[in-house]
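J.: Here are the chains, one letter per residue:
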Amino acid sequence: MAAAAWRRTAAVWTAVAVLAGVVMGPTGLLPADVVALLVGSTAAACLLGGLWLALLHPTARTLARGEEARYLRCLAAPRVAPALPWLTLAAMHAPPLALFAAAGRWRLGAAVWLGLTAASFALAKVELPRRAPRPLAWRAPGQALRAVITGRLLADDGLLRGVAFAALAGLGAGLMIRNNQLLGASASTLGLGTIIVLGTPAWAAVTQPAARAHHRVAAVCFTAGMPAGTWLASLALVLAATLAVLFGLAAALAALFGGLPAGDLLRLVGGGLALGAAAGAAEAAVARWATRSAQVAARILTGTLLIAAAWALLLGLVGEAALLAAPALAVAALTRAPEPTWA
Amino acid sequence: MGVALLKVRDLTVRRGRKIVLSGVDLDVEAGEIVALVGPNGCGKSSLMGSVVGLYEPRRGEVQIQGRSAWGPPDERADARRAQGYLPGGADGGDPMGFLHGRELWALVAATRGAPPPTEELRAALGLDELAELTIEQMSLGQRRRACLAAAMLGPPPLLVLDEPDNGIDPARIERLVELLVDHRAHGGVLLASHDPELLRRLDARVVALG
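Top to bottom, those sequences are chains A and B.
So the first sequence is numbered by our numbering: it starts at 1 and just counts up by one.
So the second sequence is numbered by our numbering: it starts at 1 and just counts up by one.
Looking at chain B on its own, in the form it has when it is part of the complex:
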C-alpha cells in the first residue's frame, strides 16, 4: 500500500481557549473523496485549517504525501504546495478582497509553481467574467468560484474544500461535481458539506465529527 495522500493522527486543535478537536485520526487515499459532516462548530473547518497550515495543532501530526504539514520550513512548504484550499463560510476570501480574480490566480500559480487556469477550468467555473473583478466586487457565488479556481490550479494532488457548494448556483454545481469526480484521477479530495445529495453524487466516504 502506498503513502496516504493525507494522514492525520491524534490531532488536537485549540481555537482561542477552546479545544475544538481532540485526538482525531483521518486518512485520505488517492482516488478518494472524503466528506466531513457534523453540526456547526464541531471542528470541520478547524480540521481543514490544520491540514492546510492555518491552525497549528496543539498535538498530533498532519502529513500530506508523507511530508509533515507542520514540520521544518522546507518540508512544510512542500506539503502545502501539494494541496489546494477553499476557505469556508460566507466571508471566505474577504480578507484579500482588494485582489482581482486574475491577480489571485497568478499569485497562487506562482507560489505553487502551477500553470494559469486551464481552458477547462475557466469554462467550468466561468472564470472569464471574474478576471477583472476584485474579490470584494464579486457576489458570494462568484467569490467562491474564484477561490475554488485558485485551489484547483495545477491541480494539486489534495483538494481541501470547505463547503464548496455554498452560494454556487445549480448549473455550476453540476460542473463542480464533474470537476471533483474527475479530480480523483489526479489525487483526492477532503471536503465539508451539509448537503447529503451532493455527497451521494460524489460517492464520498463520509466521516462524522462531533
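The shape of chain A in the complex, shown without the other chains:
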C-alpha cells in the first residue's frame, strides 16, 4: 500500500519540483518570497494550499481507506500498524515544511505541515453520496464510446490532478507575464508556451485514464462492429475537449495573475482553448502508441513531453500562428495512429 502511494507521490513531487524550478529560476523568486506571499495573502495561501491538497488527495484517499491492505488486516498477526497511514501521509506532505524551513520559518512550517496532513486525512475519509443512475440513451457508437471514456475520466483521480496541475501551470505563466511586464501578442505567446511546458503533468494525468479506458473497451467495440475511425475519433474528441478546458483554465489564471487587460485575457484564453484542443487530439495518437506496450504510463509521459516541446517550439518560431499549425500536426499524428492488435 505504502509503496503504491509513494510511487504516486514521487510523481507529484517531481512535477512540482520541476514546475518550481522553471518558475523560480528565471524570475529570481526565493523560498522566503513565496512564504512571505503565503503569509501576507490569505487568498494565495488558500489557493496554493488547496492545490497542494488536491494533488495529494488521490494518494491520501488510498492511504486513509486502506482498501489495498484489507487482506493484510485479516491475517492472524496484523502487520499493518494503525499509525502507518498517518505517518506515511505526513511524510508525503513534507515539501511545504521544507519550503518554510528554507525560509527560516520552522515553527510556522511545522504548524502548516500538521494542518495539511490533518486536512488531507479528513478529506480522504469523506465519502460523497452516489448519484442515482441515469437511463442510458446512447444512439450512435461514437456517442456511446465518448460517454464511456468521459465517465471513466470523471471517476478517476487523474482529472483532479490534471485540474490542480493546470492551475499551477497557469499561476506560473501569470508570474512570468507579470515579471516581464508583457502585453498583447508577447504576453499570449509567452503565457501559452509556459502553460504548455509547465502543464505537462496535467496533460499526462488526464490522458492516462482516458487512454486505458479506451484500450480496455477496444475488443468489445471492434467485435460489435465499431469502425476504427469512430473508435479513434471518440478518444480524440474527449481528450481535445478536456485539454481545451484545462488549457483555458490555465490561460485564464495566467491572464488574471499576470494582470492582463480584458482584451488580452480573451486573447490568451482563446489561444489556450485552441492549443488545448490540438494537444488533446495529439494525445489521442500518443495514447494509441502507448497502449501497444506494457509501459503505458512511461510512453504517455514521453509522448506528452514531445508534444509540449513541439508546441513550445512552434510558438517560439512562428508566434500565435502556431495556433493554426498545431491542429494540422495533431490531425496528421492521428491519421498515423495504429489500430489495436490482440496477441
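Careful: at least some of the hints might be erroneous.
[Unchecked claim] Stretch by stretch, here's where chain B covers chain A in the computed footprint (C-beta under 8 Å, at least three residues):
#1 148-158
#2 217-223
#3 226-237
Treat the hints as calculated values from the structure; they're not laboratory data.
Glycine residues also receive a C-beta, built at the ideal position from the N, C-alpha and C atoms.
Please build the complex by placing chain B on the supplied structure of chain A, with the hints as guidance.
T.: Coordinates of chain B only, in the frame set by chain A:
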C-alpha cells in the same frame, strides 16, 4: 440454397509464433447450432476470435452473411455487426471491468444499432441485478451472464459463444438452453463447449478440432 450465415474457408491463424489453426473449413447455416469440441489449446477460441475480428487470419477467408469479416472497413464493420460474441475463459470481460452492466449493454446496443435488452432477455439472464454492478464486481457467473446479454442484443443473426455454460448455475443453464434453441429462428449459433450433455440438449452439430 441461400448464403451461409458463416462461411470459413482455408483458415490459418497464428498466435504469437505458433500456428494454431491451419486450413480449417466450416459452415454455419441459418437455424443451426454448431459446436466446436476438442482438447484445450486445439484452436477453438482462436477460430472464434478470427470470426469475430480479434485475430487476423494469416490465410483464408471468413464471411458472415456473405460479407468478409476481414475485408474493406465498411464490409468488415457490417460483418461484425451481424454477430454477437461471448469471449471465453474465466477472464472473459475482465479488461472492461470498469464498465457497469448497463454501460456495457448500452455501448454494444449503440454500436450494433440494437435496442436495449428485452424483457425476456432480462428475465432469462437475471440482468436487473447486474445493471449497477461493474464487471469486476461481478462473480464469474454474473460476468458471463452480462457478457452473454451483450452478445445477444438485437439479436444478431450469428451468435459466437465461447463456453457459454462456464460458471453459470444449473437453473440459468436451463434458461440459456431455451434462449439458444429459440435463437435458431433468428439465425444460427457457433459455440465451444466441453459439456456433451449441453450439446445433446441443444441438438448441436459437432465439429471436432485438433
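J.: All the hints need checking, so say for each whether the structure fits it.
T.: Checked hints:
Only residues whose C-beta sits within less than 8 Å of a C-beta in chain B count toward coverage, and the region 148-158 of chain A has 4 of them, enough to reach three; the restraint holds. Counting residues of the region 217-223 of chain A whose beta-carbon sits less than 8 Å from any beta-carbon of chain B gives 6, enough to reach three: the coverage restraint holds. Counting residues of the region 226-237 of chain A whose CB lies closer than 8 Å to any CB of chain B gives 4, so the stated coverage by that chain holds, three being the minimum.
Checked against the numbered hints given earlier, this structure breaks none of them.
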